[in-house]
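Enquirer: Sequence:
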Amino acid sequence: MIPPQHLVEIYDDDEFLTDAVVGFIKVGLRLNEPVIIIATASHSRNFRNALTPDEFASENLTFFDAVALLSDFMVDDWPNQSKFTQVLGNRIQKAGEKGRVRVFGEMEAVLWAEGQYQAAVRLEGLWNTEQTIRPFTLLHAYPRAAFTSTEDLQSLLAVYGAHTHVHHQKTGTPPPRSGYLIAALSSLPSSLWSDVATYCMLLE
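FYI, the numbering for the sequence shown is 9 to 212, going by the numbering used here.
Possibly wrong hints are sitting among the right ones.
Within a straight-line C-alpha distance of at most 30 Å, the following computed DSSO-like cross-link-like pairs (lysine-lysine) qualify [claimed, not checked]:
| id | residue 1 | residue 2 |
| --- | --- | --- |
| 1 | Lys-34 | Lys-106 |
| 2 | Lys-91 | Lys-102 |
| 3 | Lys-106 | Lys-91 |
| 4 | Lys-34 | Lys-102 |
The following label-pair restraints were derived from C-beta to C-beta distances [stated by the list, open to error]:
| id | residue 1 | residue 2 | range |
| --- | --- | --- | --- |
| 5 | Gln-162 | Asn-98 | 25 to 33 Å |
| 6 | Arg-56 | Asp-21 | 30 to 38 Å |
| 7 | Thr-48 | Trp-86 | 18 to 26 Å |
| 8 | Asp-84 | Leu-39 | 34 to 42 Å |
| 9 | Asn-136 | Ala-65 | 12 to 20 Å |
I should point out that these hints are in silico values taken from the structure, not numbers from a laboratory. All of these numbers come straight from a predicted model, not from anything done at the bench. From the three backbone atoms N, C-alpha and C, an ideal C-beta is built for every residue, glycine too.
Sequences and hints are given; from them, build the entire structure.
Expert: Rendered as structure tokens:
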């Protein structure tokens with residue numbers, strides 16, 4: 009059995025994100041895998057426009073609005089585990105009857121953009137829990153512009169640590185897991201790296 013993969017793409021522009029996600033979709037469809045896309049309205053539109061009519065019409069491809077889906081399991085601005093399982097776990101389980109599922113999502117990025125850093129980390133953890141129940145391939149994406157300060161550095165590092173693989177549009181792919189701190193540093197302006205170093209020293 010293929011182990012679950014929890015990937016994250018840190019991107020600088022929507023064109024790069026579109027290429028990455030559309031490639032993710034196309035590979036899944038070629039492998040006859042169910043593909044679930046949870047994206048903002050503007051990104052969903054970009055993805056759809058980059059697909060062929062046959063790809064977009066595939067019964068293995070399903071789109072959900074990230075903001076709307078978030079509202080289905082958020083309780084008092086916090087991801088509720090039981091509701092998350094009802095909303096997403098059950099959908100993934102049903103889709104998995106056709107084969108290994110692959111999911112792209114950016115609900116976490118929506119939370120991060122709203123300043124709900126710990127809620128984003130919590131949601132990453134719920135995805136990881138779900139992957140222990142039923143293995144599937146998961147791709148997340150955050151705009152690098154969202155990581156502009158060390159306001160909640162602990163949450164930033166936790167986001168990176170929640171993923172098995174981290175890829176940067178500009179810097180490439182660090183080693184799985186072991187490179188997440190380097191990747192986190194790469195997300196921040198160089199002027200803030202000293203703050204990161206100080207923070208890490210305090211953790212030792």
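Enquirer: Hint by hint, say whether it matches the structure.
Expert: Cross-check of the supplied hints:
A threshold of 30 Å between alpha carbons decides the hint, and for Lys-34 with Lys-106 the separation of about 17 Å falls inside it, so the pair holds. Simply put, Lys-91 and Lys-102 have alpha-carbon atoms about 16 Å apart, close enough for the 30 Å limit, and the pair holds. At roughly 24 Å between alpha-carbon atoms, Lys-106 and Lys-91 fall within 30 Å of each other, so this suggested pair holds. Between Lys-34 and Lys-102 the CA atoms are separated by roughly 21 Å; this keeps the pair inside 30 Å, and the hint holds.
Take Gln-162 and Asn-98: their Cβ atoms lie about 32 Å apart, and the range 25 to 33 Å holds. Separation of Arg-56 from Asp-21 is about 18 Å and departs from the stated range, judged on CB atoms against 30 to 38 Å. With their beta carbons about 21 Å apart, Thr-48 and Trp-86 fall inside the hinted range of 18 to 26 Å. Distance hint for Asp-84 and Leu-39: a CB-CB separation of about 40 Å, consistent with the stated range 34 to 42 Å.
Restraint check, Asn-136 to Ala-65: a C-beta distance of roughly 32 Å breaks the suggested window 12 to 20 Å.
Violated hints, in rising order: 6 and 9; the structure is consistent with all others.
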